[in-house]
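Visitor: I would like the entire structure built from these sequences, with the hints used as guidance.
Using numbering that gives the first Met the number 0, you'd call the opening residue of the sequence shown number 0 and step up by one each time.
Hints listed in this document are in silico derivations from the structure and should not be mistaken for laboratory results. Nothing here was measured: the structure is a model prediction, and the numbers come from that model. Idealized CB from N, CA, C, for every residue including glycine. All the pointers check out, no bait thrown in.
Listed next, with one range per pair, are the computed distances between beta-carbon atoms:
no.	residue 1	residue 2	range
1	Glu197	Asn143	35 to 43 Å
2	Leu15	Glu245	42 to 50 Å
3	Gln253	Glu197	20 to 28 Å
4	Asn143	Glu178	31 to 39 Å
5	Gly52	Asp174	33 to 41 Å
6	Ser98	Asp265	36 to 44 Å
7	Asn143	Ala241	41 to 49 Å
8	Arg30	Glu197	24 to 32 Å
9	Met144	Arg30	24 to 32 Å
10	Gly39	Asn273	35 to 43 Å
11	Asn143	Ser252	38 to 46 Å
Only pairs whose alpha carbons sit at most 20 Å apart, straight line, appear in this in silico EDC-like list of lysine to aspartate or glutamate:
no.	residue 1	residue 2
12	Lys250	Asp43
13	Lys105	Asp174
14	Lys137	Asp174
15	Lys170	Glu155
16	Lys137	Asp17
17	Lys250	Asp265
18	Lys170	Asp199
19	Lys105	Glu179
20	Lys148	Asp174
21	Lys159	Glu262
22	Lys148	Asp17
23	Lys170	Glu197
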Amino acid sequence: MEYYLRGKFIMPESPLIDTKIVAFLDVLGYRNIADKFERGDYVDFYLLRDAIGEAMGEFHGVFAKLIKFEPDETAQWRKTNIQFRTFSDCICITAPLESNEIGFLKHLRNFLKTLAFFQTIMLRFGGYLIRGGVSIGKFYSDSNMIFSKGLVEAYELESKTAIYPRILIGKSVQDRVSEELSKTDELLSSFPLFTSFEDDLVFINFLNVELVDFPAYEKLNDVQRGLVDDIEIGWREKTIMAPVIEDLVTKRSQAGLDSRVVEKYDWMLRFIYNEMQRKERQIGF
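Guide: Shown next as structure tokens:
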């Protein structure tokens with residue numbers, strides 16, 4: 000498309016630039032898997048490929064499970080053109096900031112729940128750790144390129160700030176949520192999907208999404224579901240998270256003397272244990 004006429008720049012009719020919620024995610028441990036792949040050891044590659052395939056499959060079907068809107072509102076949300084771009088171990092995910100039918104906070108909640116679900120699936124199918132960032136900014140994409148300051152900010156949150164396997168919430172998102180809630184000093188208590196642990200950085204609490212929506216529950220028969228539903232949430236979490244903890248402990252032991260890898264598994268284990276204990280205290284165990 001020609002954007003210059005007699006030396007003067009002409010704006011295109013439809014630049015397809017919009018303000019969006021942008022997430023950048025990174026699968027930790029990819030370098031080690033790639034090294035094995037290069038040496039002809041493909042086992043870890045196939046495991047990672049299958050885990051991502053499982054997660055993406057759930058990702059596309061997650062909305063009906065997680066979103067408790069009326070049917071017409073759910074349908075509207077599913078039409079909001081959430082976009083995925085993957086390259087190597089990196090995943091870019093975007094969603095509209097808001098729409099005429101659904102406001103910013105509902106868009107954000109659905110977006111964060113989806114990211115939390117993806118993070119949990121990757122943990123459950125092989126103990127893969129996800130690190131990332133979420134920001135807001137103008138966004139452009141076509142078949143050739145992605146261009147967005149929000150993506151740059153999300154990438155910097157992941158690569159320079161997060162350190163541990165968590166999806167950080169950028170300042171642009173926090174400021175917008177605070178503005179919507181008009182409760183700047185109560186950000187964490189007003190938005191349960193936000194949490195912090197061992198420092199002041201805010202990230203997605205993937206353990207604060209209803210666990211009955213996870214695949215392990217979906218596969219139960221009616222009698223088994225009834226038994227699970229009679230159990231307090233703390234015991235249900237222990238049952239669901241047990242294989243995740245086992246995978247994390249196994250991978251931690253396989254990390255050997257690499258302190259940078261070990262500290263990430265240790266952090267995730269501490270966070271999971273802390274959340275389970277916190278919820279047990281809430282329900283009086």
